[in-house]
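Each residue of the sequence shown is one higher than the last, beginning at 199 in our numbering.
Read the hints as simulated data drawn from the structure, not as lab findings.
Keep in mind that the hints are not guaranteed to be accurate.
Unchecked claim - In silico SDA-like links for lysine to any residue, alpha-carbon gap of 20 Å or less:
1. Lys389 <-> Thr521
2. Lys468 <-> Arg401
3. Lys376 <-> Lys389
4. Lys372 <-> Glu429
5. Lys390 <-> Lys424
6. Lys493 <-> Glu429
Unchecked claim - DEER-style ranges, computed between Cβ atoms:
7. Lys260 <-> Lys286: 31 to 41 Å
8. Ser415 <-> Leu368: 41 to 51 Å
9. Ser411 <-> Arg227: 35 to 45 Å
10. Asn301 <-> Lys425: 39 to 49 Å
11. Leu387 <-> Lys425: 20 to 30 Å
12. Gly495 <-> Lys389: 32 to 42 Å
13. Gly461 <-> Asn287: 23 to 33 Å
14. Asp408 <-> Lys502: 46 to 56 Å
15. Gln527 <-> Gln353: 33 to 43 Å
16. Ala323 <-> Thr221: 37 to 47 Å
C-beta atoms are modelled at their ideal positions from N, C-alpha and C, and glycine is treated no differently.
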Amino acid sequence: FPCSLSAGFECRRLVRVFAMMVTIEEVGRPVGLGEGPYWDDESQTLYFIDLFNHEIHNYNPKTKEHHSVNVETGGKPVTLVLKVKNVKNKFVISVKNHLAIVNWDGISSKPLSPEHLVDIESPNATTRLNDGKCDPSNRLWAGTMGPLIKGTHDQFEEEKGSFYIIQKNLTVTKQLSKVGISNGLAWSLDKKKFYFVDSLKYRVDSYDYDDASGVISNEKTVFCLKKNNIEGIPDGMTIDAEGMLWVASYGGACVLRIDPNSGELLHTLKIPSLQTTSVAFGGPNLEDLYVTSAKVGFTEEMEKQYPLAGHTFRVTGLGVKGTPSLPIQL
């Protein structure tokens with residue numbers, strides 16, 4: 199065992215979990231609030247967001263190069279980044295309550311000026327967009343969340359958000375109301391189920407999904423963190439090639455592997471960062487799991503306990519393959 203978890207990774211900034219022969223290593227530079235990991239298979243590059251710093255980041259595991267660029271949003275948060283299908287260097291991002299287009303070569307640090315695409319909610323609303331992904335038909339699904347409760351850094355007003363599908367013609371249709379924090383989302387391999395995380399409900403829910411119409415129905419609870427005495431709240435999510443869900447636990451320093459059919463917790467993957475935010479599979483064969491994390495509201499004691507907070511981590515040796523990140527078609 200190369201080093202002790204309690205020693206703060208002083209001897210090596212690498213952790214091995216021998217029970218599963220899993221290796222966890224931090225990659226690139228730390229950020230304030232990492233979110234929205236997206237694996238671009240064509241360039242073999244991971245893209246992600248630093249939410250409150252309004253930055254798009256990418257990391258190439260082959261070259262170990264880490265690039266970032268600021269998006270000129272006037273201080274508004276950027277929470278997701280998706281490649282545009284079949285268009286080089288073009289991305290869709292969120293800027294508070296609307297979607298925008300940016301063009302980035304993945305290297306330049308010259309600030310980007312976003313081009314407004316479509317409003318999801320009113321620009322004057324107190325809500326903001328959070329997580330979003332494309333379905334098997336390359337349509338974007340994204341949701342909003344309420345504002346911070348005054349005087350806090352991690353408490354949000356409940357049931358202020360909504361969840362939407364954005365069609366290829368940019369028609370926006372509300373699918374869910376009274377959402378707390380719209381977060382992780384995934385689709386079953388047979389395209390018949392949709393999985394969704396509302397963080398303030400502490401659970402993963404499933405819905406019947408019609409890919410042709412883009413309609414969800416028949417909500418059922420798959421797994422509840424609170425009922426299973428798991429620390430933290432569910433955040434970002436992905437699905438592997440075996441149909442199992444991987445859910446980041448913000449405040450729990452872990453990623454959960456869950457069977458959505460039985461509701462069974464299959465494995466808890468400990469991550470050396472308290473605020474794990476989201477997950478995406480990457481690598482040449484989609485065998486690596488990338489985990490983004492945050493460093494929000496940290497005390498001096500928390501910094502000592504989690505010196506790698508805010509890093510993105512690559513997890514190898516899991517023995518499972520993932521599913522690809524899907525681009526948006528416009």
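Exercise. Hints broken by the structure, by number, lowest first?
Worked result: 3, 4, 5, 7, 8, 13
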